[in-house]
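In order, the protein sequence lines correspond to chains G and U.
Just add 1082 to wherever you are in the first sequence, counting from 1, and you've got my numbering.
Residue 53 in my numbering sits at position 58 of the second sequence, with consecutive numbering throughout.
What the hints contain is simulated information worked out from the structure, not anything from laboratory work.
Just so we're clear, the structure is a prediction, and the values are computed from it rather than from any experiment.
It cannot be assumed that every hint is accurate.
Claimed, not checked - PhoX-like, lysine-lysine: derived pairs with alpha carbons at most 25 Å apart: (1) U/148 - G/1084; (2) U/150 - G/1084; (3) U/102 - U/148; (4) G/1084 - U/102; (5) U/150 - U/102.
What the hints assert, rightly or not - Far from chain G, by Cβ distances over 10 Å, these chain U residues were calculated: (6) 1; (7) 49; (8) 60; (9) 107; (10) 108; (11) 109; (12) 126; (13) 132; (14) 133; (15) 134; (16) 135; (17) 139.
Heads up, the beta-carbon is just placed ideally off N, CA and C, and yes, glycines get one too.
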Amino acid sequence: MKDLEDHLRAARLTRPSPQLDHRMEMLFASGALEPAASRRNRWWWLALPAAGVAAAFVLLPSRHPPPLPPAPPLVYQLEPQGLLRESLLAPPAESQTPPAMIVTVQSFPSTMP
Amino acid sequence: MSRAVTETLRVFYVENRQQLYTYAVSITRQREAAEDAIHQAFQQLLRRGELVAEVRPYVFRCVRNAALDGLRRAKVRGDSILAGEPAPEQVAPAAPAPLLARELDEKLDLLSADERETIVLKVYDEFTLQEIADLRDVPLPTVASWYRRGLEKLKYLLEDNP
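Build the full structure now, drawing on both the sequences and the hints.
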C-alpha cells in the first residue's frame, strides 16, 4: 500500500487556473468583509434617527408649560344692606341659625389688564 | 478583527490552494465547479468575519460544502484532479507521463465518492484519518475502511487489471 501511496503522490496534479488566483486576489483585496461592515454601518445609521425620535419623545413634552396648580377659590363675603342685613343680623326667633349668604367665585388667571 | 481574518484566509489560500483545489475537483469532478466552490467558500468565510481555532479543517469543510452545493446545482462533467497533458512550464524529467496521470484518474473515478475523497485527503492533502473523520463527521473506523478499500481497489485496478 505504501508503494501505491507513493505512486499516487508522484502523479502530477491539475493546478488551479490563474483565473482562480485572480478571482481570489480580487476577493481578498476588495474586502469581502464589506457586506458585514456595511451591515454594521447601516445599523449605526439606523440607530441615529431612532435615537433622535426617542429624544424627541422625551424632550418635546417638556417644552409645554408645567400644569398650573389649581387656583384657590376666592370667597367673597358680601354685607347686605337694608332689610336683608336686618334679617341676617337679627334673625327671627324661630330661626336657629342666622341665614348665611356666601357667594363663591371661581376665578381663573385672566389676561385682562 | 476583520482585517486579521482576511489576512489569515489570504495566507491560508496561498499556502493551500493546490490542496484545496485537488480536494474540490475530487468532489465536483469539474474544474470550473471546483474553482467556483473555493471562491464561494472563501467568500462566505470572509462575510462571516470570524474563524475558529482550527482553520485548516474548517476551511476544507467549507470548500466541501460549497462543492457539494455546486454538485446539486449543476450537472457534473467529470474533470480530472490529475493533469492530462503537461503545461509547457510544468514539463520536467521527473514528471509522470500524461497517460499515467490519465490512467490513475480513470481508476480513481471507479472508486466510490467516499473512497476517492478519503484517498485525496489522505494522500494529496496530508490529512490524518482522524482529521478526515472529524472533517466528514463520521467515525474513524468508517474512514479507515473507506481508505483501505479504496487503496485495495486501486491496486487491483492498476496492477491486476491494467
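**Separation of residue 107 of chain U from chain G, once the least beta-carbon distance is taken, above 10 Å** = With a cut-off of 10 Å, residue 107 of chain U remains clear of chain G, as the shortest Cβ separation is near 17 Å.
**Item:** Pair hint residue 150 of chain U and residue 102 of chain U, alpha-carbon separation not exceeding 25 Å
**Value:** Distance ~9 Å between residue 150 of chain U and residue 102 of chain U Cα, so the pair holds.
**Request:** Mind verifying the non-interface call on residue 134 of chain U? Its CB should be farther than 10 Å from each CB in chain G.
**Result:** For residue 134 of chain U, whose nearest Cβ neighbour in chain G is about 21 Å away, the distance exceeds 10 Å, so it holds.
**Item:** No chain G beta carbon within 10 Å of residue 126 of chain U's
**Value:** holds (16 Å)
**Request:** Over 10 Å to the closest beta carbon of chain G is the bar; see if residue 139 of chain U clears it.
**Result:** holds (12 Å)
**Prompt:** Is residue 60 of chain U truly not at the interface, in the sense that its beta carbon sits beyond 10 Å from all beta carbons of chain G?
**Reply:** Since the minimum Cβ distance to chain G is about 17 Å, residue 60 of chain U lies beyond 10 Å and the statement holds.
**Asked** Does the claim that residue 133 of chain U lies off the interface hold, with its Cβ farther than 10 Å from every Cβ of chain G?
**Response** holds (21 Å)
**Prompt:** Does residue 132 of chain U really sit off the interface, with its C-beta more than 10 Å from all C-beta atoms of chain G?
**Reply:** Non-interface label stands for residue 132 of chain U: nearest chain G Cβ at 25 Å, farther than 10 Å.
**Message:** Check the hint pairing residue 150 of chain U with residue 1084 of chain G against an upper bound of 25 Å on the C-alpha distance.
**Reply:** Judged against 25 Å, a Cα distance of about 11 Å means the pair holds.
**Item:** Beyond 10 Å from every chain G Cβ - status for residue 108 of chain U
**Value:** With a cut-off of 10 Å, residue 108 of chain U remains clear of chain G, as the shortest Cβ separation is near 17 Å.
**Message:** Checking one constraint from the list: CA of residue 148 of chain U to CA of residue 1084 of chain G, max 25 Å. Satisfied?
**Reply:** At roughly 14 Å apart (the allowed maximum being 25 Å), residue 1084 of chain G and residue 148 of chain U satisfy the hint.
**Message:** At 10 Å, judged by beta carbons, does residue 109 of chain U keep clear of chain G as stated?
**Reply:** holds (17 Å)
This entry does not satisfy hint 6, going by the numbered hints stated previously; all others are met.
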